[in-house]
Every structure is written in C-alpha cells, then in structure tokens.
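Chain by chain, the residues run as shown.
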Amino acid sequence: MAWKRVSLQTRILLILVALVLTTLGGGLVTMWYTYRMDNLFASVIDTAVMGLQAAEELETALVRQKGLTTYYFLDGNSDWLNQLGHLNESFNTWLKKARSSAKIDKERSILNQIESEYIHYTYARDQVIELYKVGKRKAGAERHWEVRKQFFAIQGLCDQYKEIQKEQIRQARVESRAQTRFIKGLTLVALPSVLVLGLVLAYILLNQILKPIRILSMESGGMEMDGPLPMEMTALRQRVHNLIENVDQTQSELQQSRAHLLQAEKLAMVGKLAAGVAHTIRNPLTSVNMRLFSLERSLKLSQTQREDFEVIAEEVRHIDTIVQNFLEFARPPKLKMQSISPSEVVDMALQLLRHRLESYGVQVELDRQHPLPEVKADPEQLKEVLINLLVNACEAMGEGGSIVIREEEGVAEPLGRVVVIRVKDNGPGIPKSVRDKVFQPFFSTKEEGTGLGLSIAHRIVEEHGGWLSLKSREGEGTTFTITLPCREDAVWARS
Amino acid sequence: MLDGFTVLITDRNRHVRNFLRRELMAEGCQVEVAADGRDLMRKISKAPPVDLLILDLEIPHLGGAAVLRRIERAYPELPVIIHTFATEESSHPAVQSAAAFVEKTGNVELLKKVIEHVLTKLNPKSLTRRS
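Residue numbers (numbering that gives the first Met the number 0), protein chains in the order written: chain A, 0 to 494; chain B, 0 to 130.
Any given hint could be a false lead.
[To be verified] Some chain A residues close to chain B (C-beta under 10 angstroms, calculated; not the full set):
#1 Q170
#2 R281
#3 L284
#4 L291
[What the hints assert, rightly or not] From the derived model, a few chain A residues whose C-beta atoms are all more than 10 angstroms from chain B:
#5 A17
#6 L23
#7 M36
#8 K65
#9 Q82
#10 H85
#11 T179
#12 P211
#13 R236
#14 N245
#15 N282
#16 P283
#17 R290
#18 D319
#19 V403
#20 K436
[What the hints assert, rightly or not] Once the Cα atoms are required to be at most 20 angstroms apart in a straight line, the calculated SDA-like pairs of lysine to any residue come out as:
#21 A:K271 with B:A85
#22 B:K111 with A:K335
#23 A:K335 with B:A85
Hints listed in this document are in silico derivations from the structure and should not be mistaken for laboratory results. The C-beta atom is built at its ideal place from N, Cα and C for all residues, glycine as well.
Taking the hints into account, I'd like the entire structure generated from these sequences.
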C-alpha cells in the first residue's frame, strides 16, 4: 500500500492539513453563505417587501379615489375635487416608488400598464368632472360609467402587481430554504469527517508515537510504567541518558580490552616464538643426555671428575626441566574434562607424592568431612596443580613441617556453588613484596626453580572456570586456595 | 642378542641417529638410518627388508602422523616404535596404533628394552627367521 510507504511525519502532517482544511473550509463556506443570506434578505426580500408595500399603497390610493367623483356629482362640493387631487398625487408618488423597486421586466410592464391606464383614467375622469362642472350632468354620468370600468381595470392590474411581489417573497423564501439545506448538508458532511480525521490522528499519535515511546521506555528501563505521559517522557529521557552513558562506558571498556587484546596477542606471539626456541633446544639437549648416559656407563672417574660429571648431568636435566615446563606453559594441553570429585584428585596427588613427602619429613593432614561433589575437571591437570602446591610447600618448609589440606563446599559469587581446596603450610610465608608476583611466569625465589610452576597452576585453575588465590603471613605459613565452580549438571549427574 | 634383525632409525639429529645406531649395533642389529621423511621412504623400500622402524615424528619432508599413516598403509606388518617428544601430536590416533611409544628423554636403556620387547615378542615372523 502507498500509505505504508509514507513516513510517520508525513502521515501526521497530511492528516493535520486535512483536518485544518476541512474545518477552515466548513467555516469559510458557512460565512460565505451567511453573507449571501444577508444579501438575499437585504436585496430580494427588502425590495419585494417594499414593492408589496408600494402595491398596497398604490391600491389604497386608487381605492380611496373611488366614489369621490360620484360625491362631487351629487353635491358639487369642490372639497371632493381637492381630496381627489391629493390622492392622485399620492398614487403617482407610490407608483414612482414601485418603479424604483421594480427588478424584473414583468413588474415593469405591469407598472407601465398601470401608469398608462391611470393616465387614461384620470384624463377621462377629468373630462367627467369638467362635464359636471359645466352642468352637463347626463353626458357626464354616461362617461362616468366608462371611467368606472377603467378604474376597475387599474385595480385589477394593482392586484396583479401585488401578486407578483408576493410571488417574489415566496421565491426568496424557497431560495433561502435551499441554501439552509445546503449548509445543513455541508455541516453533516464536515462534522463527521472532522471527527474521523481527529480519530485517525489520535490513533496515529497513540499507536505510532506514544505506544512506541512507552514500549521503548519500558524496554530501556526494564520496569513497569503506568504513570502519565510527562512522567514517561522524563523516564525515557533519563533512560536514553543512561544508555548514552552506558555506550560511553562500553566504548572505553572496549578500547581497554582492545589494548589488552593487543598486549595478549603480542604476548602470544612472543610465547609462540619462545616455545619454538624451547622446542628446538630440546632436540640437542636430548642428544647431550644420551651421550652423558653413555659416558656414565663406561667412565672411570676420580672423585672430583665424578663430581664435575654429576653437576653437568644435573644441570642438563635442569635445563631440560625448564624447557619442558616452559613448553607446557606456552603450549598448554587441552583440558580433558570429565565429571570427577576433586577429593579423588587430592588422593591421587597424595599417593603420587607419598615418598617425596616422607623424604621431606612432612606431615600431611587431610581435613575432609565427606568427599566433595563431582565437578567438571581434567583430573590430570588438577593433579598437576595440587602436586605443584604440595611440592612448593615442602620446599618452602624445608625439613619437617606440616601441611593441612582442607576440602569445603560453599558459595562464591559470581560462580554460585563452589568446591574449595585449601593447602596450608606452616613455612616461613611469602613476603608481602613478592606476593603479587608469585603467579607471574618466570618469577622464582628458589635456586633451581623455573618460575613457571605456580603460573601454570594458576592458569589451569582459571581454565577450569575457577581461581587460585593465596593468603600468607610472614612466619606463619601460606594458604593456597583452589576454588572451582560446582556446575549444576554435575550435581544432577551425581544425584 | 638381536642378531639378524634390521632396524631403521629415523631422526633429524645426526648425533642421535649415530648414537642409536652404535647402541643397537652393539646389540647385534643391522642398522639403517634416515634423516627425513623422504629418506625414510627410500630406505624402507630397499633390501634387506626392515624388521623394525624407530620413528621420530618431528622430521623434515613429510613428518608427523602423515608419514606414520603412509607407512602403515604400505607396510602394515612392519612394527613401528615412536620415539619422540610428548606433544599434542603424540596423542594422535595414528600414534596409538603404533607398536610402542617411547618418549624421547635420552634414556637409551628404556628404548633398547622396548626395542627388544617388540622384536622378540611382537614379531613372531622375525622370531621364526631368527631360529
């Protein structure tokens, strides 16, 4: 439809224009017709009424002349003649007036007829009067009868003239009635169209402006709004303002994260490069190891030579460990997730380290109420984390000392339900100055450390969706805490 | 101990190749060496027939799981011992089907034990030939 392609603004404008035009047009037409009606009354009715009056007066003046000649014939008193003269004048005056108000030919021809007939009549009457005056009463009386016939003819013409006036008034009335009907019809058309246009406008305003505004403000605010319109507009303004702020904030966050990403990309590239180097080093290193192995079998060495040889062998092994750790750090193996209770992993790690712990003379206390619920985890990697933490603890405490492993369940935001494993030692603790650095790669306080153990452990726990944190007080030992999310599906699988 | 067996060693490092050859020849093996994938495919087709392949997956010119698959297709009877660093690739399904996997650590004794085991226990054809 063409209407659907028209923009909202144009639609509203079109309807408004139509509304204004209809109202304005209706008003103008009404005014014009009122003016015309006024004119009609002023011209047609007034002239017709005046014509009618003139006709009446004309007839009156005529009728009153009737009999005066007879009276004069009877008593010869000249007063009658004077009166006749006055009436004659009056008739002529009214005839003039009637002529001035005559508009149509028919009127004029009747008036002309009246005038000429009257002239004939007065002439004949004057002759009758002359005859009477000279005493020829018989001859006068004879003419008198003829004059009377003329008189009646004039009276008939006057009646005709009156009828014409009446007809004109009737016509004017009919005309005015027709105009009134037209105005009525116009009003009957205009009013409903104004009403319909108004309704359409209201519908468009409500449905396509106010409703979207309401929906928009509800969507942007997310809360119910039933207040009056001004409140809605205020709320909407507030929300749009908030949105703009959010956008600003998001943009700055985006820029930050872009910077981080760039940094991460750089790091990843450097890591790849370094991993390549490490990998390449491994090959000749293995060759060296093989030869050392071979030498060890056959060499007969003095005490100092043996010491030298052993140091060389150990350092080569150390290099190999560093390279291996680094490779593991740079190319982390993919996690092989399965549902497993972390308690099992703790047991596995303790089993594996049993001899080592014994050789360090370390007491391990396991604080477990009941086995932890199953979580999604890679047991091998998680075991690596625990071994790392336990070996670190042993090395930090030196001979003797004790480690407490505590398993707990809890809730931590934003993970929800979590399992927590704490590894607590009573070693010297980690100095505050280096506490933030222990998870950084290549940071080590140990003589033979690679500085990667804790950073690998940290990364593995993070890859499980959890976090590894530490609490330490100098002289009182260190507690490492592994927090892992307890996934709901894992809980269901268990039940 | 391993007299009469022919072993083909593939490793990109010349010193590793030579060391392993020396060690295995001391055990009585006949040893061939290959430096890369192309060399390997050439040597493996030559007489005398190879009884065992020791393969590092990281070799130039056709390496990794691809060379392993090609050998399995061409010589399905040939036992292969993968002797390589543990990486993502070492868990490839093709590697799982090899006769044995020995991580490259420099421990020759372990490798030799596995070689002996594969040649004597897992290779009945070789056994019969040997007797």
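Now the hints, each set against the structure:
With its C-beta approaching chain B no nearer than about 112 angstroms, Q170 of chain A sits outside the 10 angstroms limit, and its interface hint is violated. For R281 of chain A, the interface hint holds, the least distance from its beta-carbon to any beta-carbon of chain B being 6 angstroms, beneath 10 angstroms. Against a cut-off of 10 angstroms between C-beta atoms, the interface hint on L284 of chain A holds, since the closest Cβ of chain B lies about 8 angstroms away. Proximity of L291 of chain A to chain B holds as hinted, the smallest CB-CB distance being about 7 angstroms (cut-off 10 angstroms).
Look at A17 of chain A: its CB is around 75 angstroms from the nearest CB on chain B, clear of 10 angstroms, so calling it non-interface holds up. With a cut of 10 angstroms on Cβ distances, L23 of chain A stays outside the contact zone with chain B, its closest approach being about 84 angstroms. M36 of chain A, annotated as away from the interface, keeps every beta carbon of chain B farther than 10 angstroms; the closest lies near 103 angstroms. A cut-off of 10 angstroms between C-beta atoms confirms that K65 of chain A is not in contact with chain B; the least separation is 144 angstroms.
Here Q82 of chain A stays apart from chain B, with its beta-carbon at least about 147 angstroms from theirs, past the 10 angstroms limit. Interface exclusion of H85 of chain A from chain B stands, the closest Cβ pair being 143 angstroms apart, more than 10 angstroms. Every CB of chain B lies more than 10 angstroms from the CB of T179 of chain A, the least distance being 101 angstroms, so the non-interface label holds. Residue-level check passed: P211 of chain A sits 55 angstroms from the nearest beta carbon of chain B, beyond 10 angstroms.
Annotated as non-interface, R236 of chain A keeps its C-beta farther than 10 angstroms from every C-beta of chain B; the closest such distance is 56 angstroms. For N245 of chain A, the non-interface assignment is confirmed: its Cβ lies about 42 angstroms from the closest Cβ of chain B, beyond the 10 angstroms cut-off. Not every C-beta of chain B lies more than 10 angstroms from that of N282 of chain A, the closest at about 5 angstroms, which undercuts listing it as non-interface. Some Cβ of chain B comes within 10 angstroms of the Cβ of P283 of chain A; the nearest lies about 7 angstroms off, and the non-interface call is violated.
R290 of chain A, annotated as away from the interface, has a beta carbon of chain B within 10 angstroms; the closest lies near 7 angstroms. The Cβ of D319 of chain A sits about 8 angstroms from the closest Cβ of chain B, inside the 10 angstroms cut-off, so the non-interface label is violated. Interface exclusion of V403 of chain A from chain B stands, the closest Cβ pair being 34 angstroms apart, more than 10 angstroms. With a minimum CB-CB distance of about 30 angstroms to chain B, K436 of chain A clears the 10 angstroms threshold, and the non-interface call stands.
The suggested pairing of K271 of chain A with A85 of chain B holds, with an alpha-carbon distance near 17 angstroms, which does not exceed 20 angstroms. For the hint pairing K111 of chain B with K335 of chain A, the CA-to-CA distance comes to about 32 angstroms; that exceeds 20 angstroms, so the pair is violated. At most 20 angstroms may separate the alpha-carbon atoms for a hinted pair to count; K335 of chain A and A85 of chain B meet this at roughly 16 angstroms.
Hints 1, 15, 16, 17, 18, 22, counting from the list given before, are not met by this structure.
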